[in-house]
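In order, the protein sequence lines correspond to chains G and X. Residue 1 is where the first sequence starts when you use the working numbering, and the numbers rise one by one after that. Residue 1001 is where the second sequence starts when you use the working numbering, and the numbers rise one by one after that.
No wet-lab data here; the hints were simulated from the structure. Incorrect hints may appear among the rest.
Dumping the calculated PhoX-like pairs for lysine-lysine here, alpha-carbon to alpha-carbon at most 25 Å [to be verified]:
{"id": "1", "chain 1": "G", "residue 1": "K581", "chain 2": "X", "residue 2": "K1515"}
{"id": "2", "chain 1": "G", "residue 1": "K58", "chain 2": "G", "residue 2": "K111"}
{"id": "3", "chain 1": "X", "residue 1": "K1543", "chain 2": "G", "residue 2": "K320"}
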Amino acid sequence: MSKTVNSLNLILVTGRTILQGTKVEEKLTKHYEEYAAIVRMHPRDLAKLGLKSGDHVKVIGPGGEVIVKAQRGADVPEGIAFIPLGPWAECVVEPKTDSTGMPGFKGIPVKVVKTGEPITSLSKIYGYNGYPILNLGVSLDIEAKGEIKRYTDVVCPFCGSLCDSLIVNVYGNRIVKVVNACPLGMSKIMGIYENRVLEPRIRVNGELVKVALEEAIDRAAEILVNAKYPVLYGWASTSVETIRLGLELAEIVGGVFDHTATFCHGPTALGFHEIGMPKSTLGQIKNRADVIVYWGSNVTEAHPMHPSRYSFTSIGRFRKGRKDRKLIVIDVRKTGAARNADMFIQAEPGKDFELLVALRLLVQGKELEAPVIAGVPREKVVELAEILMSAKFGVMFVGVGLTMSGAKEKNFEELFRLLHDLNTISKWVVIPMRGHFNVTGADLVTIWITGYPYAVDFSRRYPRYQPGITSTADIFLREEADALLNIASDPLAHFPKKVAEKMLKVPIITIDPKWSLTAAFSEVVIPSAFVGIECPGTAYRMDDVPIRLKKIVEPPPGVLCDEEIVRMLLEKVKEKLGVKK
Amino acid sequence: MTQLLIKNGFVIDPLNNIHGEVVDIGVKDGKIVPPDDVDLRYAKVIDASGKLVVPGGVDVHTHVAGPKVSVGRLLMPNDHYKKGGRVVAIPGIKRSGTGIAVPSVTTIGYKYARMGWTMVMEAASPPLYTRHTHHELDDTPIVDKGVNLLLDSNWFILEYIEQKAQERVNAFIAWILEATKSYAVKLVDPGSAEAWSLGVATKPLDVDEVIPGTSVTPKDILVALANAVRDLKIPHPIHVHANMLGIPGNYVSTINTIKAVADIVNQRGLSIHLAHIQFNAYKGDSYATMTSGAEELAKLINTLTGVTFDMGQVVFMPTVTMTADAPWEYVLYHITKWKWAAGDVENETASGVVPYTFRRHIYTNVIQWGIGLELALLVKDASKVVISTDHPNAGPFTRYPQIIAWLMSKKARENEMKKLNKRALKRLALPAIDREYTFEEFVLTTRVAPAKIIGVEKFKGHLGVGADADIAIYDIDPRTYDPSRDYKKLVKAIKYAAYTIKGGEIVVKDGKIVKTIYGRTFYTKTRTDPKIMHEVLEDIKSKFNEWYTITFNNYTILEQELHKPYAITPV
Ligand SMILES: [Zn+2]
C-alpha cells in the first residue's frame, strides 16, 4: 500500500445519470442530494486520497468549491472526477464560455481534497446560509376513480427520442399505468402529481404571496416592459406553439431569446454554420445502418429507449437487430453501451479533436505517425478508421461529451469534415443526441422565425446572433440583463454558480408546472400544465421529425397551458406598450 | 370587413377578356364584387388612375418552408447578417426578420407581398416532415400557400408500381395527400433518393435506368404518378424535377420525361409541369462544352398543349441551392468545395443543401442564365411559362422584377450581356432573339399560368366577380410607358407595389407593409374506391411499425394543427 496524499489534481467531467434524471424535477428533496451531491472516482484515486466510498471531499475548480460525497466508480477512468449535472457540479465548473455561449462542463481541471466538513447544502449554494430554501411544491391527491380510459400512441415528453408508442391508462383523471416508457419517461409521467405549483404568486415585501392569475401576468408584464435587456430563457420543454409566442414576446420587449441548446448542442450548430453535415431521420438507421457509433453520448442513461427503437437493437426493414450491426462507443468512461459494444475507444477527456483529425488523415489515405492519439493506441485508431470506411450505412450519434469539452464547436467542424470525407468512400450520416424533448423544436422555430438557432438578441428590433455575446451565460456574467423570464427550465440549478449568482440579482419570472430552485427565488411564479400530458402541442425529435403530443388528463383546476399563459403575457405586454390590435 | 373601390386603374385581366382597359373593381368580404355592390359610405376608395391593376402574383415553385429551407438558414448565418434582408419590427404592424438568399418566414411573406405576389407553393416537402413545413407556412405572413409532396421514392409507391397495381398507387396518393394536408404530387429526380440511401448514387440516374434495389425505372414512376393524378382528378398535374438535373446533355432526358407522360392528360388538359426547366436543358458532354438545349425543348413544348414549365432563371449573386435531389447536391458540393448538408428521410426521400454563387464571368453560369430566358422567349404561348428562380436555387424570388425586365426589354438583356462572359454569349441564341414580353404576357406568366397549373383559376389569377380579392397595383401606366426602353422603372415598380391587396385587405402601400395578416393553406382531398383504400390502409399499417419510427396514427396531420387549412375537393 502506497502512502496517501491530501489532495489530488483530477479532470472533472459532469453528466447525466439515470437516477439524477428521474429526480431532475425534484431538486429540493433530500433524495436529490443523494444522487447529485456526489463525485465518482476511480478506486485507485480514492485509495490515493485514503478515502472510502461515502467520505466527504472538497472539489475545487475554476468556478469555486463544493463539498460532496466521494463514491467508488469502476467505470470512471483513473484521473477523472465525475459529478452528475446539478447544483453541486455547477459550483466548480468553468463559467466562461470561450465565445461559444457554452460554459465548460467537461474536461475541467479540479483539485480534490479530503475533508471532514459536511456536504454543501443547497441553501448554502444559493446564499441562504442555513435557512431552508422555500419549497411550495405540493402533492396532488387525485383519486383513481371514474371512467377507465386507455390512450395509445402517446408521445413521451421527456427526452429528444420522443418515443411515441406509449400506452397510458387513466382512471377518471388519474394516470395509473404507463407502458412502453423508459424509467425516465415513466417517472416524469407518473410523477406529475408531485411537487406541483398550483397558485400564481408574486413577491410582496420579500414574501411570495398567492394572487389571481391576472395579477401575476400583470406583474410579469410590468417586469418585462420595464426591463431594458430582459432574457427569455428555457423553452426546450414546452411546445412549438408556445415557443412561437415566446419569440414574439422577445421581439416586442426587445430582449434576448435563448433556450437550453445554449449549453447542450449550441456548439453543434456553430460547427454546422461553417461546414454543414449529412443527417437523416432515425428510420434510416433502423432500416439500413450496419455501423453505429455513439460518441460522447451516454445513451443508456440519457436516452434509454434509443437503442431498441432506432439504433443497434432495433429491427428495421433491412437490418434485424443487434446481430446485423456493429456498435462502436467512443467515450471518456466505460458507459453502459460501451460494455455492449463491438469496439470501445476510451479517449482522454478533451482530446476528441485529436482523434477526429487522426481519423480524417486515415480516411484520406494518409499515415499516422504518433503512437498514441488522445490516449488511444495507433493500431486501435487504424482499426476504427477501417470499420468506418467499410460501412454500408454508418451513423455517428454525437452527444454533449463532444459539445461540452475540449475544442467545443471545433470538434464539430472536424467531425463534419470527417463525415464529408467518409461519404466519398461509403455512406455516413450524423445525428445529435438531443436532451430535452423539444430542444430541437426550440432550435427550429427560432431558425425559421429569426434565421438563427438560439441566443437571438432583439434589442434593436431585428434578430441578431452572436453566441458568446448574446448567449444567456455571457449576458449574465457581464451583468447586462435586468430581468429573466424562465419557462419550463431551472436555470439557477443548471448554470454555473457564478452565472446563477448574477441571475439572483434580477427579477425572475418563472412559468413551470413544478416548484423549482429558480421558482424559490422568483418575483413571479406562474404554474403551468404539462405539455404532452395535460396539454397538446408539437415537439421535434432529435432528428427534426415533428410529432404531435397529446393531452391525456386535465390539468389541476385553474392551471393553464404554457401556450395560453404566454399568449396572455404577450397580450398584456402589448397593452402596456400601447400596441394596436 | 373592409370594402374597397379601386377606381380608374388600367386593368389587365386576361381570364376575363380584359386586355388593358380602365375598369373599376369592387372588393367586399375578401372577394371581388361588382363596383356597384360597394357601399361607399364604408368603403375605402383607391385612386388607381395612371396605374396598372392586375391579379395578385402566384408562385408555382419556390422553396420557402420546411426542413431543407431551415437547414439552408442554419448553414448561412452570413446571409442573415446582411443588411438587405433585415426587417425591423414595428409592433402591431410587422414582425422582424432576416435573410436574403434564405430569408426567415416573415421576410419571405413580406417580400412576396411587396412585389404584389399573394400565393406561393412550397416546391418540395418530405411527407414525414410536412408537419414542419406547415408550421413554417403558418408563420409566413400574408400569402396563401400549398405544399407539393415528395412521392417519387416512396417505398409503398415503389412496391405498388412493381406490382403493377395502379389502383393501389392511386389510393395511396389519395391517402397521403390528405394525411399530410398537401396539395400536389411532386417528383424530384424520380427514384434517386432510393439509390442515394443505398450509398450507390455516385452516378446520376436517367429516365430509363433501373433504380438500384428495385425493378422499376424513373419512367415507370412518372407514368404511375401521372395516371394517379389523372384518375384522382388532382387539379395540379405531376410537378417534375426531371432526372439528370444539372448534368450536361440532360435536355435529352427532359425530352424523354415529357414524352413518357405527354399522353396522360388530366381533366384540365395538363400532363406535366416541369420545374425549373433551365437546370434540365443542357447540351454538351461536359461543363466546359455545355451549351443551350432551349431550342430543342421549346420546339417540343410548342407542339404540346399539356406541358408547362417554370424558368428556374439564374440571377448573378450568392445563393443557396436546396433540393430533394441529394445526389446532385453532393456533386455540386465537390464542385464548390465549401459547405454541404444532406438529410435522408426514411422510406420517402432525401435532400441536399449547398451554397452556390452564380458569377457573370463563369462560362457555365452565363449559359445557364441564357437558357432560362431563351426558353421563356422561344416558347410561343406565354401561358405555358411561369417566372421562377426555383427560389433560392438559381437566386432568390426577390429578383423576379429583374427577370420580368429581361423578358420585357431587349435593352435590359443587352445591358446585362455587356457584363457577361463573351465566350458563353457566342454560344447562346439569346442575343439574336428580339421578342419582348407584353404587359399581358407579364400577367400570363406571373398570374394566369401559375393559377391554372395549380388549378385555382376559379378564384386566383383573375379579377372577375367572385374571385379572391388578391390584387396588385403597380405605379406604371402601360398606355404611356415603354418598358422596353425604361426598364429600370419597371423593376422598381414591381419590386415595390403601389398597393397589394390580399383577401380584401390592404397589406402593402407604396411598397411598405402596412398590415400583417395570414393566408390559407390549400390541400387536396380526393375520393377513391373505398374497397381499395381499405386494402391499401391495411397494407400500410402492416408495414408501418417496421419501416417507420413513428406510429401510423401519429403520422397523420390533423386539420386543427394548421392555422387556416382549406381543402380542395376535385369534382
Ligand atoms: Zn425546386
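Unmet hints by their number, sorted upward, for this structure: Every hint satisfied by this model.
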